[in-house]
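With the hints as extra help, turn the sequences into a complete structure.
2 protein chains.
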Amino acid sequence: MDHVPPHPAGRPLVIERVAELRAHLDAARAQARTVGFVPTMGAFHEGHRSLMRAARGQHDLVVVSLFVNPLQFGPTEDLARYPRDLEGDLAVAAAEDVGVVFAPPVEEMYPGFPAPPLTTVAIAGLTDGLCGSARPGHFDGVATVVTKLFSVVGPSTAYFGKKDAQQLAVVRRLAADLCLPVKIVGCPLVREADGLAMSSRNRNLSPAQREAATVIHRGLRAGAELVAEGGERDAGRLRRVVANVLTTEELVRLEYAEVVAADTLAPLDVLDGDVLVAVAARVGDVRLIDNMTIHIDAEGAVVDLGVAVAPTEEGLCAAR
Amino acid sequence: MDHVPPHPAGRPLVIERVAELRAHLDAARAQARTVGFVPTMGAFHEGHRSLMRAARGQHDLVVVSLFVNPLQFGPTEDLARYPRDLEGDLAVAAAEDVGVVFAPPVEEMYPGFPAPPLTTVAIAGLTDGLCGSARPGHFDGVATVVTKLFSVVGPSTAYFGKKDAQQLAVVRRLAADLCLPVKIVGCPLVREADGLAMSSRNRNLSPAQREAATVIHRGLRAGAELVAEGGERDAGRLRRVVANVLTTEELVRLEYAEVVAADTLAPLDVLDGDVLVAVAARVGDVRLIDNMTIHIDAEGAVVDLGVAVAPTEEGLCAAR
Chain L
1 MDHVPPHPAG
11 RPLVIERVAE
21 LRAHLDAARA
31 QARTVGFVPT
41 MGAFHEGHRS
51 LMRAARGQHD
61 LVVVSLFVNP
71 LQFGPTEDLA
81 RYPRDLEGDL
91 AVAAAEDVGV
101 VFAPPVEEMY
111 PGFPAPPLTT
121 VAIAGLTDGL
131 CGSARPGHFD
141 GVATVVTKLF
151 SVVGPSTAYF
161 GKKDAQQLAV
171 VRRLAADLCL
181 PVKIVGCPLV
191 READGLAMSS
201 RNRNLSPAQR
211 EAATVIHRGL
221 RAGAELVAEG
231 GERDAGRLRR
241 VVANVLTTEE
251 LVRLEYAEVV
261 AADTLAPLDV
271 LDGDVLVAVA
281 ARVGDVRLID
291 NMTIHIDAEG
301 AVVDLGVAVA
311 PTEEGLCAAR
Chain R
1 MDHVPPHPAG
11 RPLVIERVAE
21 LRAHLDAARA
31 QARTVGFVPT
41 MGAFHEGHRS
51 LMRAARGQHD
61 LVVVSLFVNP
71 LQFGPTEDLA
81 RYPRDLEGDL
91 AVAAAEDVGV
101 VFAPPVEEMY
111 PGFPAPPLTT
121 VAIAGLTDGL
131 CGSARPGHFD
141 GVATVVTKLF
151 SVVGPSTAYF
161 GKKDAQQLAV
171 VRRLAADLCL
181 PVKIVGCPLV
191 READGLAMSS
201 RNRNLSPAQR
211 EAATVIHRGL
221 RAGAELVAEG
231 GERDAGRLRR
241 VVANVLTTEE
251 LVRLEYAEVV
261 AADTLAPLDV
271 LDGDVLVAVA
281 ARVGDVRLID
291 NMTIHIDAEG
301 AVVDLGVAVA
311 PTEEGLCAAR
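Protein sequence lines, in the order shown, are assigned to chains L and R. Going by my numbering, the first sequence opens with residue 1, and the numbers climb by one from there. Going by my numbering, the second sequence opens with residue 1, and the numbers climb by one from there.
Keep in mind that the hints were calculated from the coordinates and are not lab data. Model, not experiment: these values are computed from the prediction. Where is the CB? At the ideal position from N, CA and C, for every residue including glycine. Possibly wrong hints are sitting among the right ones.
Said to hold, decoys possible - If you want the footprint, here are the derived chain L segments under chain R, 3+ residues with CB under 8 Å: (1) 113 to 121; (2) 151 to 163; (3) 177 to 189.
Here you go:
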């Protein structure tokens, strides 16, 4: 499908250098082809595939970046253990008709690494709570790499999963505040058939941990029922119900369960408008996050827990 | 000369809104016209004109932004007193064949102002010394607005005066670190016939202060002679000579005289390579800056004090 410049059909062009990527994409744009962009850290699962499909449905050329960004990992975090699977990822990208995979070495993104780059982008307010408290500097690292990737790729649209709800809010704000000429699209959170939110980090769970981790989804579901069927409108009680379910699994250590406004991430007392219920928990030394959004108005409550892959399908997810 | 979309010949199109500017420039780029950009705070002098001419010489369409950026002024600084002259500026822009003047209201750049924007761009290291010490937050304000203006304008090239040497270093670094697809060009510092560096703030000097302010240039010249003719290679002695000259004028209060590496702005002991000699001084309540660069190698020293307008000419400067 892509032929500017030509590359073997069905296999994405893999580019490691900023200058080469820019030249390739400038040439594509000069032929009026639009670029949809999916920034990732690799180790693709159905969530990533759903982003690629959304991009492919709306653009001539899909660019996927594959970069485990050291700037967004704290010194005690799992940078070294973060799953990497370039060959598997390229096969997935090929199957999803991705045109270009941008896989820069770390020095290409941060010359002089491990010295930190002098220029950083920071988002105040939105990054104080939720994962921002536990991961100081994380969202500045995200904001910096995303700004840079947007500069390099120059996409019309960029696709992010709603599983990283705080990241999505940060990126939306970043794009608006800096007037970046890119549309940000949030795609549904994708779950395994048993409810566990898809995450590259799930690969690092043992079978017992993997089983225990489903309690996160059960906690959210209990909260969803309380609001949608029980009519609960008190944020504190919702929070406690979700948190209580998560404490029933010995292998799972709750880090936070919060109820906030979906756009500003400000803590809520009363459930109204677009509400984000966000959870982080540790299972062994793997940190998992999950969330749901609830739209609440006079008519009632509509819960969005994302979509689940059909257990029998060959990997198709319901995200489109 | 510009005709996409048409506007009265000789008068720049004045645009106040980001969306309108973007649509106009997208249309121009779609016709393969390149955009040269001159970001300014208005109150144009020959320095600004030299930037516009440099841009006009290299691009089909010149965009000048005219925005007194509140983010780069501290609470006790001269935001309210900063000179403003829209009509005069438009006449200058017309004379310099500028295609578009982007003059956004403050709320267009910072929705919710005076609340600060949540997203900011910061440059570490380069902004600690020189004006950064006296003006905390100043360069973050510069970096944030420049990133935003680059996003909105999407220029191929942006032109900055070397008078703001630290700003130029910051912008170069910003563009490199964030991979912004724009070339940064530094244009020669422009001086009045008596040597005073051109500055919009010169308008706020009384005649006696204006006369006294020429001591800044005399200080730099004394330093230049010491190095170029006296063979001085000790940064401390150079610094003291420059500073001593500036203390001879009662109306002028030296803020700093520093000798640093031109690219990293790191303080120097020995003069070698590209050296920046930068000065800041207060004359009454007007803060003025000035500088020169000296390239030093085994062959000797080449001083760049900028260019002076010819005293008899109708405003042409030697910057091209």
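- prompt: Looking at the structure, which of the earlier hints fail to hold?
  reply: Hint check: nothing fails, all pass.
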